[in-house]
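K.L.:
Letter by letter, the chains look like this.
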Amino acid sequence: MADAALKLGAEPKTTFLDKVSDLLPEQGHLNLCLTCGACSSGCPATGLEGMDPRKFLRMAALGMDEEVTSTPWVWMCTMCTRCVHACPMQINIPQLVFQARKSWPEEKKPRGIVQSCKAAMIDKATSSMGATSEDFVESVEETLEQVRSQQRGYKDLQVTFDRKGAKYFLNQNSREPMAEPDEMVPLWKIMHEAGADWTYGTAGWAAENYCMFAGNDEEWEKIVRIKAEAVDALGCEYWLNTE
Amino acid sequence: MREGKIKLSSDWNKDLKIKFTIQDPCNLVRKTFGDSVAGDMRYVLKACVGEENFVDPWPNKSNNFCCGGGGGFLQPGFKSARQDYGKIKHDQIMETGAKYVIPPCHNCHSQVHDLSIHYEGGYECVHLWTVMAMSMGILGPDERVYLDANLSECGINECTLPPDE
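Chains as they are written, first to last, in the numbering used here: chain A, 1 to 243; chain B, 1 to 165.
In isolation and in its complexed conformation, chain B is listed as follows (with noise of 0.2 Å):
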């Protein structure tokens, strides 16, 4: 994005104002690059989102929690533990009031998932690069099926579309 290789937009949000948040992996984050790290996702995300519609979580960045779904708690075994665990994430993404969450984590991906699931929070999970191709115009139809009905059309540019028989 810096370099200028690749370009983002936020044009589809415009109007719809989804709100998003963000998860700070453990590991990517407080355990290994820190802060700037946590502010690298933030910058890829507002440009995909708008700035207006990025809702941070409180605490964050190296101070955020962990979601509950590391260190192996996600394997069976534990799971009403994991699930108690993951209240305080639940509760902090709740108060954000965004609609989807991008945990860039496979573990926190699953986590959180499950933790909207269980608690019947509402919110979505997606992954970073998805959001990142639906901002290039660049997602295809069945890369969009874990996003909600309202974003079946959005970003779509001609590359996606099915070719000239």
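With the rest of the complex left out, here is chain A (with noise of 0.2 Å):
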């Protein structure tokens, strides 16, 4: 008969690298590295912070929470995921980045990612610029009224809000309204001269969304569904997201 098994003093722990596991298909694959580093080789971020994709990963794999769900690097990773596509293991690292932002408490997240969820949390617009829907239907009504009177075969161009049952709901960042409403005019001559059938909306029409970016799920997922829902009023059978 063998000795009784050694009972070590500490108790496992459950890491951050556990309870993301738990979280994702087939684990993230998030123990199948083989420190190769293809992803850090790879990575624009690596150096960034001391920090790159297999240190990062590594780190948590020895259970040093602490320090990954603490490092300011993982707002400096833009979850492309290049890593995951050159890892020869499928290594989903940008969703371990994202949940160490998740982990962040809210006041110590960068301000600005933070503040551009909020904004749009305020109106129905869902514009991380804060931009209503009236402040959009004016700067496209007189970006067109412009282009009316100056450009002799656009003197009937059409654009319209919440028309139903157009084919194709399209979107616009907030950026393009707010500060170069120019910019969507060739946007709208080009629709035109395709003859596409489409519509702004009202509501849900900023194309951004921060909150993703923030680690918000709760306010991700409501900016998502006022979008949704917006192209699903209308009946329109496509949404054509410019972002």
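It is worth saying that the hints were derived from the structure and are not from the lab.
Hints are not guaranteed to be accurate.
Short, incomplete list of chain A residues facing chain B, as computed with Cβ under 8 Å [stated by the list, open to error]:
no.	residue
1	45
2	80
3	193
4	214
5	238
Only a predicted model underlies this, so the values are computations on that prediction, with no experimental measurement involved.
Even for Gly, the Cβ is constructed at its ideal location relative to N, Cα and C.
Build the complex: two chains, separate frames, hints provided.
P.N.:
Encoded structure:
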């Protein structure tokens, strides 16, 4: 008979990596790292804050939860997924980064991202610049009027809002109507020349969604729902996201 | 284009030979539609500027680098880190020798624009739809202010002229 198993003092702890594994399909392959470094060698965020994707994953694997959930590097990784693309084991490092972002207390998260998320919650427009539906309509109509009066081929150029049954629901990044309205015109003209049956909506017209970047799932979902419902309410067949 | 509903011509660039390159937005290409949409973008851009005036970056398509404008990075807070991140994108663009970069994504657009200024790259960022409208001859005067002076007269059809009084 062998001696009884040796019992170590410390209870095995559930690490941050374990928790994230439980959330992901096939555990995000987080335990399959071969330490080859293909992720880091092709990552533009390598070296920022003394961090890189492999190091971040290895630290998580070693249970260095404090470091992993407090490094500002998670806000410098854009979660572009190039590391997953390069990885022989398809390890979902970006999701580990995203969950690390989520673990930050709201007041410590980078203020710009948090505020852009908050701004989108004030109106059904969902604009991270805080622009309202009225702002959007006004900017579009003013720009449209200019084109109609200044360009002979576009006297009757049409842009509609909330037109039921249009085939395409087109949205627009807030930056265009608010900062560079003339940049919308070529798009309208192309749609016109192609004979596309399209409309803007007054709800959910803003393409961006900073709540995703802020690691705020609840608000992120709210925004996506406002947008999707706006498309459904008009019965549009396609949602064209210019973002 | 494939259905013949819109016609693009690169004739305006036959003699000018202005070089264009493209950015593959991560969300559009690697994370969503893959190399097929990257191919579609090139199909459109080549029709606009001429095949010989398109310079593909390397690496490209699903293997392209993120510009550094994604994930909320553009928001204030980590500006110098964002520009350091973008150095690899800047070098890649410089390598193409292109004067114009077409980044069909707003984050990429703002980031690549900022990289050109920060690293004094001298390249410009333009929407794909702007180049398309130019190649269709329907780009109006106010819609050209984002282009270099040598493109102020390119591909203008009568439709964009002021109305007859």
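K.L.:
Compare the structure with each hint and give your call.
P.N.:
Taking the hints in turn, this is what the structure says about them:
no. : hint : in the structure
1   : 45   : holds, 6 Å
2   : 80   : holds, 3 Å
3   : 193  : holds, 5 Å
4   : 214  : holds, 7 Å
5   : 238  : violated, 14 Å
Going through the hint list in order, the structure does not satisfy hint 5, though it satisfies all others.
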